[in-house]
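Q: These are the residues of each chain, in order.
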Amino acid sequence: MEKNFSNKPKWIIIAVLLLLLLVIVAVIIWAIFFRTPDIPLPPDYPPQETDGNQQPIPNDQGGKLESPTGGGAVNVTYESVVTVDLSDKTVTLSYANPSMSNQNVAIAIVIDDLTVARSALITPGNMIKSLTLEDKAAKKLSVGGYDAEIIIYCYHPETGEKAMVDTRGEVTVYVTE
Amino acid sequence: MKCKVVALCLCILLLLPAFSVRSIAAENSHDPLTVKEATTVSTSPLTVDVPFALSFADATGINLNIRVNPHLVDTAKLVSPAACLSNTLYTANQTDDKVKVAIASASPISNEGVLFSLRLTLKSTPTEEDELCKLLQIKINERIISQATDRILLTGVTNGALYERDVIVNFNEGTATLNGAPYVGGTAITEDGSYRLIVTDLSGKTREINFTVDKIPDISVTVSWTNMSFVYSEGDWDPSSHTYGTGTWSPVSDGGGTVAVTNACRLTVETAFQYVEGAGNEGISGSFLSDGETVTGFVLSKNESKSVVLTLSGVPSTEMNQETLGVVTVTISEKKEG
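Same order as they appear, the protein sequences are chains A and B. Under our numbering, the first sequence has 49 at position 49, and the numbering climbs by one with no breaks. Every position in the second sequence, counted from 1, becomes a number in our numbering once 177 is added.
These aren't lab readings, by the way, just hints derived from the structure by calculation. Since we're looking at a predicted model, the values are computed, not measured. Backbone N, C-alpha and C define an ideal beta-carbon position, used for all residues, glycine too. It is possible that some hints are incorrect.
Footprint (simulated), chain B over chain A, 3 or more residues, beta carbon under 8 angstroms [what the hints assert, rightly or not]:
no. : stretch
1   : 77-85
2   : 162-172
Each computed SDA-like pair below joins lysine to any residue, with the alpha-carbon atoms no more than 25 angstroms apart [claimed, not checked]:
no. : chain 1 : residue 1 : chain 2 : residue 2
3   : A       : Lys162    : B       : Lys479
4   : A       : Lys89     : B       : Glu368
5   : B       : Lys213    : B       : Thr265
6   : A       : Lys129    : A       : Ser94
7   : B       : Lys392    : A       : Lys162
8   : A       : Lys129    : B       : Leu355
9   : B       : Lys392    : A       : Ser130
10  : B       : Lys479    : A       : Ser67
11  : B       : Lys479    : A       : Glu79
Let the sequences and hints guide you as you build the complete structure.
A: Dropping the structure here:
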């Protein structure tokens with residue numbers, strides 16, 4: 001009888017630990033193979049506010065690209081180098097939405113599945129030269145260079161509806177302290 | 178090694194309108210002063226001969242006042258005199274950055290073509306932006322035929338040029354501003370941007386040069402699309418199987434489903450087109466046609482434009498009305514050499 005009483009708590013502990021171990025392994029497998037990538041999921045109807053960092057494009061030529069009803073047109077102009085300052089959490093870049101575009105745009109800088117920075121709306125005739133570094137990216141990035149993408153989402157200026165055409169461009173992100 | 182002295186020709190050509198308006202052409206009906214292409218005499222030290230062609234008739238005295246760029250020119254002397262100078266007294270005296278050429282003849286002389294060459298010993302190899310010398314005054318028989326007031330000589334920059342590197346500008350005299358701020362000659366201009374350099378010489382005359390530094394060229398493309406709405410038409414009803422045949426997708430408007438890309442930058446770009454199915458519509462796929470052939474992308478040179486037409490295939494799993502089927506993604510990249 002003494003023997004049964006002393007072994008039972010030990011087995012319970014072992015069983016609980018094994019169960020815990022199974023749960024941990026299951027979480028790890030899910031995280032590696034089944035977790036949905038953290039890519040920006042653009043809303044079909046974006047927030048209506050324009051990006052606070054947008055500024056007018058100097059010497060903008062004016063004019064308007066034509067597109068038929070239901071269509072759209074944008075000029076996508078950007079520098080292929082983006083810099084990230086980890087100390088003040090800023091992303092320095094150059095993206096312009098010239099006034100010839102007939103769409104508002106929102107952009108995101110992405111390294112694999114990691115969103116480095118994203119903007120609110122950039123209206124035609126404006127450009128953006130800095131964004132705030134996303135918290136998750138601030139923890140994951142380290143000093144050096146990364147191959148990345150800039151993703152441009154277009155939105156109708158009046159209805160706000162997202163266009164069915166996205167544009168992606170290759171950029172290089174340089175991270176500094 | 179052939180020494181590039183295009184800028185020398187440019188600086189002389191700047192003065193040609195003065196020559197043609199003033200009296201060389203009016204007085205003698207001869208060609209104005211021209212400068213022939215320089216030839217390299219030696220590479221160590223680097224020495225070039227710059228031929229000066231001056232046409233005139235019945236002159237007993239000719240005086241030329243030339244300014245050389247002290248950043249590039251070490252010494253200058255007159256060589257290869259024309260045959261008409263054989264019985265004349267001619268000298269070329271260099272004082273700092275000035276070279277005075279004086280020709281005196283007891284009897285009137287005439288000349289067509291090259292009168293002499295100026296042999297310049299250079300401090301370094303000039304590039305297209307470097308101005309070696311500038312003609313300031315021509316006197317024939319004590320009469321000033323042409324006189325230039327612009328004495329500013331530049332190195333390192335050409336008006337209207339685009340540079341994909343740092344730019345360093347030097348000038349032979351005066352002071353300068355760069356976009357309104359004081360600029361010290363020899364200072365590297367490293368930031369991308371448009372610049373206006375104004376050099377003011379000691380007499381107050383100015384010379385303005387506009388140029389652009391663009392070390393990181395912009396990628397610039399225009400992406401346009403027509404109505405991207407599609408309608409699905411079911412195939413014919415098969416009474417034996419009680420099913421519809423394979424249906425077709427078609428744009429709701431004429432010319433719908435078209436995406437065009439125009440390269441608006443100076444780089445060659447590669448484009449790639451991808452159709453990504455929306456959630457729940459994985460059974461509907463898309464491909465792109467150009468001139469009837471399936472394509473996945475293009476290479477576009479500067480100002481080149483191409484378009485593709487999206488075609489859909491597959492059967493919708495449920496009845497649809499105004500749903501998002503998928504997204505077209507246009508991927509842009511700079512085409513690398515090699």
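Q: Hint by hint, note whether the structure agrees.
A: Outcome of the hint check:
| no. | hint | result |
| --- | --- | --- |
| 1 | 77-85 | holds (count 5) |
| 2 | 162-172 | holds (count 8) |
| 3 | A:Lys162 <-> B:Lys479 | violated (29 angstroms) |
| 4 | A:Lys89 <-> B:Glu368 | holds (23 angstroms) |
| 5 | B:Lys213 <-> B:Thr265 | holds (23 angstroms) |
| 6 | A:Lys129 <-> A:Ser94 | holds (5 angstroms) |
| 7 | B:Lys392 <-> A:Lys162 | violated (34 angstroms) |
| 8 | A:Lys129 <-> B:Leu355 | holds (23 angstroms) |
| 9 | B:Lys392 <-> A:Ser130 | holds (19 angstroms) |
| 10 | B:Lys479 <-> A:Ser67 | holds (22 angstroms) |
| 11 | B:Lys479 <-> A:Glu79 | holds (17 angstroms) |
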